[in-house]
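**Student:** All chains, please: the whole structure from these sequences, using the hints.
Number of protein chains: 2
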Amino acid sequence: MGKVVFYGAISLDGYLADQEDDLAWLFETDTGVQTTYEAFFETIDATFMGRKTYQEAKKLLSGAFLYPEKENYVCSTTLIEPLPDATIIKEDPVTFLRAHQDQNIWVVGGGQLLQPILEADLIDEWYIQIAPVLLGAGKRLFKEGSYLSRLQLADTTQMGQLMELHYIRAAN
Amino acid sequence: MGKVVFYGAISLDGYLADQEDDLAWLFETDTGVQTTYEAFFETIDATFMGRKTYQEAKKLLSGAFLYPEKENYVCSTTLIEPLPDATIIKEDPVTFLRAHQDQNIWVVGGGQLLQPILEADLIDEWYIQIAPVLLGAGKRLFKEGSYLSRLQLADTTQMGQLMELHYIRAAN
Numbered sequence: 001m002g003k004v005v006f007y008g009a010i011s012l013d014g015y016l017a018d019q020e021d022d023l024a025w026l027f028e029t030d031t032g033v034q035t036t037y038e039a040f041f042e043t044i045d046a047t048f049m050g051r052k053t054y055q056e057a058k059k060l061l062s063g064a065f066l067y068p069e070k071e072n073y074v075c076s077t078t079l080i081e082p083l084p085d086a087t088i089i090k091e092d093p094v095t096f097l098r099a100h101q102d103q104n105i106w107v108v109g110g111g112q113l114l115q116p117i118l119e120a121d122l123i124d125e126w127y128i129q130i131a132p133v134l135l136g137a138g139k140r141l142f143k144e145g146s147y148l149s150r151l152q153l154a155d156t157t158q159m160g161q162l163m164e165l166h167y168i169r170a171a172n
Numbered sequence: 001m002g003k004v005v006f007y008g009a010i011s012l013d014g015y016l017a018d019q020e021d022d023l024a025w026l027f028e029t030d031t032g033v034q035t036t037y038e039a040f041f042e043t044i045d046a047t048f049m050g051r052k053t054y055q056e057a058k059k060l061l062s063g064a065f066l067y068p069e070k071e072n073y074v075c076s077t078t079l080i081e082p083l084p085d086a087t088i089i090k091e092d093p094v095t096f097l098r099a100h101q102d103q104n105i106w107v108v109g110g111g112q113l114l115q116p117i118l119e120a121d122l123i124d125e126w127y128i129q130i131a132p133v134l135l136g137a138g139k140r141l142f143k144e145g146s147y148l149s150r151l152q153l154a155d156t157t158q159m160g161q162l163m164e165l166h167y168i169r170a171a172n
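Chains as they are written, first to last, in the numbering used here: chain A, 1 to 172; chain B, 1 to 172.
Simulated from the structure, these hints should not be mistaken for laboratory data.
C-beta atoms are modelled at their ideal positions from N, C-alpha and C, and glycine is treated no differently.
Treat each hint with caution, since some may be false.
[To be verified] Now the in silico label distances, taken between C-beta atoms and shown as ranges:
(1) B:P82 with A:S149: 52 to 62 Å
(2) A:T156 with B:S149: 43 to 53 Å
(3) A:T156 with B:A39: 42 to 52 Å
(4) A:A171 with B:T156: 36 to 46 Å
[Stated by the list, open to error] The following residues of chain A were derived to be distant from chain B, with all beta-carbon distances above 10 Å:
(5) E28
(6) E42
(7) S62
(8) I80
(9) I88
(10) A99
(11) L165
(12) A171
**Tutor:** Below you can see the structure in the form of structure tokens.
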């Protein structure tokens, strides 16, 4: 049995990226010398993201292969040509995740991709790094939606000026 | 020289209250035995809030006096009758705060009151307690606005399932 995990950084006011999809505010943040990323990355089998997140990641990689050690899934109803380093998922995110419950899947990015996943209560674990920045506008991690859930704070890790909050599904 | 401080709890998705201005999700959160509240409260001279926050606080107090040890300011252009325990402020929040720089002022609540204060960059210090709850909708602490600022993570305190992040103005 796998799990669905979110891992990612937001501004204190809840944005994953500014209005131009820019992450300069994050890259300018002191993130210390130790990171939880490698240990997290080892635990996952696959990544799952939206088209825009994929394309922004490819820009940052200057076209290099995205996570070659993992299976990469990109949710898109508009992409037609196959991608060199990812499988295009045409079904909705909830159907996809329910059909892949054997894998540990990293949901990369939020907003539109995350909203139906939240509404279906499919995230098992969260690693959210909060950066000490107020952006005022941009792409929110948490779009408004019909969800309501209580989590359990498992632990926290300070990495320079980033504060990571790690939550797991609350026991009912 | 005083300072302007925000102290308050939000859900992980950034809400101060749900759509019905309800705080049950917060009251149901395990907040441990120790709190930073008393020490914080001793440092402030006055509270400053919007009309709705005042009225919600009075409901919770069943009409008892609001913070009798402090000066309480309620920002409102619609209240006409004087309040028993607060001074009504008819000017805009930024003008008010600039005229009261000798006091340590607690800005209670967010949203509409906070937005112009953020845009004028008047908050010197933040104590934000993050509750392990996703609400999906409600009254956001951070409304969208024309602000962009970098803070400095001063320290953090875990109180049961609440994680408090304490930020100060970043040195330029």
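**Student:** Give a verdict on every hint.
**Tutor:** A quick look at each hint next to the structure:
1. B:P82 with A:S149: 52 to 62 Å: Given range 52 to 62 Å: violated, Cβ gap about 43 Å.
2. A:T156 with B:S149: 43 to 53 Å: Violated - the Cβ-Cβ distance for T156 of chain A and S149 of chain B, about 23 Å, lies outside 43 to 53 Å.
3. A:T156 with B:A39: 42 to 52 Å: Given range 42 to 52 Å: violated, Cβ gap about 21 Å.
4. A:A171 with B:T156: 36 to 46 Å: For A171 of chain A and T156 of chain B the Cβ distance comes to about 25 Å; the hint is violated.
5. E28: 8 Å, violated
6. E42: Holds, because the least Cβ-Cβ distance between E42 of chain A and chain B comes to about 25 Å, which exceeds 10 Å.
7. S62: Correct as stated: the minimum Cβ-Cβ distance to chain B is 27 Å, above 10 Å.
8. I80: Holds, because the least Cβ-Cβ distance between I80 of chain A and chain B comes to about 34 Å, which exceeds 10 Å.
9. I88: Nearest chain B Cβ is 29 Å from I88 of chain A, so the label holds.
10. A99: 24 Å, holds
11. L165: For L165 of chain A, whose nearest Cβ neighbour in chain B is about 6 Å away, the distance does not exceed 10 Å, so it is violated.
12. A171: 12 Å, holds
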